[in-house]
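With chain A held as given, fit chains B and C onto it using these hints.
The residues making up each chain are set out below.
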Amino acid sequence: MKKSLIALAALAAAGAASAQSSVTLFGIVDATIAYGRGGGAGAASRWQLSHSGYNSSRLGFRGTEDLGGGMSASFWLEAQLSNDNGTGATTNTNNQSTGAGPTCTVATTTTTTTTAVPPVAGTAITSTSTSTSSCTAAINGAQGLTFSRRSTVSLAGGWGELRLGRDYTPQFWNLTVFDPFGTNGVGTTQTLNSIITGVTAVRASNSIGYFLPGNLGGFYGQAQVYMGENAQTGAATEDDGKGWGARVGYASGPFNVALALSRTKYASGRVQQNNIGGQWDFGVAKLQAHYSWDKNGATRGRGFLIGGLVPVGPGEIRAAYSQYRTDLPATSVDPRARKFALGYVHNLSKRTALYATWARVRNNNGSSQVLNGGVSPTANQSSSGIDLGIRHSF
Amino acid sequence: MKKSLIALAALAAAGAASAQSSVTLFGIVDATIAYGRGGGAGAASRWQLSHSGYNSSRLGFRGTEDLGGGMSASFWLEAQLSNDNGTGATTNTNNQSTGAGPTCTVATTTTTTTTAVPPVAGTAITSTSTSTSSCTAAINGAQGLTFSRRSTVSLAGGWGELRLGRDYTPQFWNLTVFDPFGTNGVGTTQTLNSIITGVTAVRASNSIGYFLPGNLGGFYGQAQVYMGENAQTGAATEDDGKGWGARVGYASGPFNVALALSRTKYASGRVQQNNIGGQWDFGVAKLQAHYSWDKNGATRGRGFLIGGLVPVGPGEIRAAYSQYRTDLPATSVDPRARKFALGYVHNLSKRTALYATWARVRNNNGSSQVLNGGVSPTANQSSSGIDLGIRHSF
Amino acid sequence: MKKSLIALAALAAAGAASAQSSVTLFGIVDATIAYGRGGGAGAASRWQLSHSGYNSSRLGFRGTEDLGGGMSASFWLEAQLSNDNGTGATTNTNNQSTGAGPTCTVATTTTTTTTAVPPVAGTAITSTSTSTSSCTAAINGAQGLTFSRRSTVSLAGGWGELRLGRDYTPQFWNLTVFDPFGTNGVGTTQTLNSIITGVTAVRASNSIGYFLPGNLGGFYGQAQVYMGENAQTGAATEDDGKGWGARVGYASGPFNVALALSRTKYASGRVQQNNIGGQWDFGVAKLQAHYSWDKNGATRGRGFLIGGLVPVGPGEIRAAYSQYRTDLPATSVDPRARKFALGYVHNLSKRTALYATWARVRNNNGSSQVLNGGVSPTANQSSSGIDLGIRHSF
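Protein chains in written order, with full-length UniProt numbering: chain A, 1 to 394; chain B, 1 to 394; chain C, 1 to 394.
Here chain A stands alone, though its shape is the one from the complex (with noise of 0.2 Å):
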């Protein structure tokens, strides 16, 4: 459904069709009618006409060229998209929070004068003013597209693949491909909300990414290395946003299982994130789960999801119950989110479908997870939200 666009290279200038050196323009524009309500007293509602509740909206430029002896070459460029306002989305240039949005940095110069009379002989009157400013930028509806979602050239062949830009880690996978609201909308899985996880959670730019070719007789992986770019001084941060990633799964007939590992240093704690997830298609029924074990720093979190899918006629039953937990070091209290999410597509086409999701969080021990723009005033609160919308993909 995203060959939608195939335009040919030389098939003007030449009249000959080449299939094997073709540029796609491919895209996803998912809409819909969001709403969320937090819990406790002075909770909120919202509505919100929102994007990407069934499938991340897009818009992507991709193409391959054959290279000959079995080699090939090609592109990737995919941005985000907020269909609902016209917005692109931000992008991370470095694995590190400086990276990430606009910034805005204020200098504060304070001159205080003060002629003090001395009241008694040989005492002074003193009066010192400091005035210090910090700023934050904000882009709204500034925000223009990015090759967010991904920017990337790869080198392929027998061997398998190699390729260099901003590409998804490793570590994302298990998480999506292995969710039955593949971490989009309401139902996304609660381990991906999990804030310990770190700024490569789902995607690394300045990565150097090796993929195993797909004649493996059901295996298949993936491992990444990705740069933080800082300069090599000596500081504590130097290595601040550089990590690696790995995965390693095995697909046979409805079975499906993958593991992975990754690591990404800061000074202020480094992160792993590990997950390993499974689905057994039983025909009537897909059932998948995940487990995942992280840590930034001395922070520790755990989670899990199991779900299913259910096709229905033209449609499809979705259903997940998600944990998340998260262990923090200097306290026996850990704060933990639950979350269960149903839902149903149903296809007009295969480019074209309606969804609707609802889903419902709990929260406990400090956690204040809220769905869908609903507002919490407290921690401890449940928190439940719809998505009613429409998928369109060319």
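Simulated from the structure, these hints should not be mistaken for laboratory data.
The structure displayed is predicted, hence computed values, not measured ones.
Incorrect hints may appear among the rest.
List of simulated lysine to aspartate or glutamate pairs, DMTMM-like, C-alpha gap at most 25 Å [to be verified]:
(1) C:K295 - C:E316
(2) B:K295 - B:D334
(3) C:K350 - A:D66
(4) A:K350 - A:D281
(5) A:K350 - B:D66
(6) B:K350 - C:D66
(7) B:K286 - B:E316
(8) A:K265 - A:D281
(9) A:K350 - B:E161
(10) C:K350 - A:E161
(11) B:K350 - C:D334
Below, chains B and C without anything else, positioned relative to chain A:
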């Protein structure tokens, strides 16, 4: 003329054309040498290479999928383009002033220490210093492409069209359709230049729109609701940016007339924009007129345009007189701006045209409109401007 | 190689190919592993995944319409691309420093209240506190796509081409055409790295350009004026960013030579950029050289390059020596940077190439150039860098 790039789904892959399902890349690049000058003592002129003097420059992607049974799904992503310098343009994410452009916020902390020796026992010398900072952010050359002109996904059938996303508001159409200058360039109608019609005068984000089908014997119409997406906390501003618009019309042969009404909520004062417009095509000339009555809180405004288009060989003469009067609540002096505009468009082809426009605006009672960047140091001065440009569409 | 996507107008609609009118999607994705190191005590190195080591990464849309009678209209929209992280790049809207990137402005209000009890009758104790804030804004990962590389609309005929918009300046071409490294990557000529050639050294916005037709027996040429677009208020800066450039050349067989002159006005000092360059293709090697003499206010600069390209099977060896000397007005010590660069490009196809470049720059008399993000804590140190990359065009 916007159908120049039509790449068919499956054309290359299967060799079979599927005319129902297509993706179209389209756009307009319109560049104009723009001159403007203000009036009064200290007036200044300005020369610019500007854009969109005849038609709005844009780059877009759109497509339609035939779902069978008279149903179709479609998407439309259209970005504004400043082709004089390569930037895009901002959009507005929430139909409120906070949703446009970049912002920055400064937090200032001022600490004042006073060591005071009492000159009289029991009487202190106190010194208080308060420092307040605010900041404004400008994006300048960093403004990327956003789909600010339109970003929608639609489902259509014999019952009409349901459209979700960022789109024109119904209240805009009469002002542009019944303006010989199409609300572009130095000749743009004064009824659009009103400052009281607010954020949703042209477009709204987070909108849900419905359009009547095209087979109603000349009757046409649309209705739209749009959301401000604020949390429903009970605050006075909780519904800011929420509103609706509706437009109904009738077109038959040379005749076309339409009425539009709209309301948008803001705690600072509800915005109402209403207008009626029409045209009669006599063959040798097409006459156009519209009238608008608006309200923003306690401030009212009224305006009108009368103009026409005269075909001349491969070209067209355009002329319009428009006026807008703002009725300030606290005074009987109502600012008024009156504009006369005259232009000629010479079509080199259906896609490419040369054009020239001259306009002059007269200001009274405190109005201070200037054209094409001219500078009038005081209000109540006249200003004139010229566009000389080329429009190329694809 | 940039013609890979050619979708014809009316191909689908009418079944008739119209080769004259086409829209082309084109681009380059060039990724490089870039290493740089500085010199002197405390020097630091840096590893990056960078872009544009061989050719500038880009994404573009362009098209031409045949108007008949030898006339044509065309457009060209080309965005810069940082494919290592997915961002775009800023442009400059007014050929002045204010037109680039994001800015923020802080307004600070300081109120000081002093309650002073006169210790001596008639003598006040006064306290004055002044607080001044300034801020800088960075866009980081929020930078969207802009058509900063080129955004133009043209009208062409037997008399040449008239081009409006943002385009390369005439004064840039000799530096890149006659540089074996094409002003890209670690080997880029030092004559472009000059800090005195200013905002319009490579491109200008708001430009009107004229190009000689292609049938003048080897003679070629172009002239361009560009506007700063300031109001003509009589201020000293009213013409800032306004300027012109011109280039004439002659190419015949293996021989090519060209001269370019330019002037840009700024109240702070007029910028002049002038250069001459040429090449001779001996078949076994192509020799290239250029010489530039520039001026920015009272500061002068002079530089040159001598280098060449040697075809080797499916590849090419590249080598260049370049130098730039800045003649500061107030001192006889003239900063000088000298670079030697050596590289090899291996073509896998016309569209895809692997490349490696090594370069070293030596600094004297206060010059402090570093390559590929290396850090030299003091001036007058040497720096070296390596690019190892892949270039894929479409």
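Each hint, compared with the structure:
Proposed proximity of K295 (chain C) and E316 (chain C) is contradicted: the alpha carbons are some 35 Å apart, above 25 Å. Taken as a hint, the K295 (chain B) and D334 (chain B) pair is honoured in the structure, with Cα atoms around 14 Å apart against an allowance of 25 Å. Distance restraint check for K350 (chain C) and D66 (chain A): the Cα-Cα separation of roughly 11 Å lies within the 25 Å cut-off, and the hinted pair is therefore satisfied. About 20 Å separates the Cα atoms of K350 (chain A) and D281 (chain A), which keeps this hinted pair within 25 Å; it holds.
The suggested pairing of K350 (chain A) with D66 (chain B) holds, with an alpha-carbon distance near 11 Å, which does not exceed 25 Å. Note on K350 (chain B) and D66 (chain C): the hinted pairing holds, with a Cα-Cα distance of about 11 Å set against a maximum of 25 Å. This hinted pair checks out: K286 (chain B) and E316 (chain B) have alpha carbons roughly 11 Å apart, not beyond 25 Å. At roughly 38 Å between alpha-carbon atoms, K265 (chain A) and D281 (chain A) are farther apart than 25 Å, so this suggested pair is violated.
The hinted pair formed by K350 (chain A) and E161 (chain B) meets the criterion: a straight-line CA distance of about 20 Å does not exceed 25 Å. Note on K350 (chain C) and E161 (chain A): the hinted pairing holds, with a Cα-Cα distance of about 20 Å set against a maximum of 25 Å. Distance check on the hinted pair: K350 (chain B) and D334 (chain C) sit about 59 Å apart at the alpha-carbon level, beyond 25 Å; violated.
When each numbered hint is compared with the structure, violations occur for hints 1, 8, 11.
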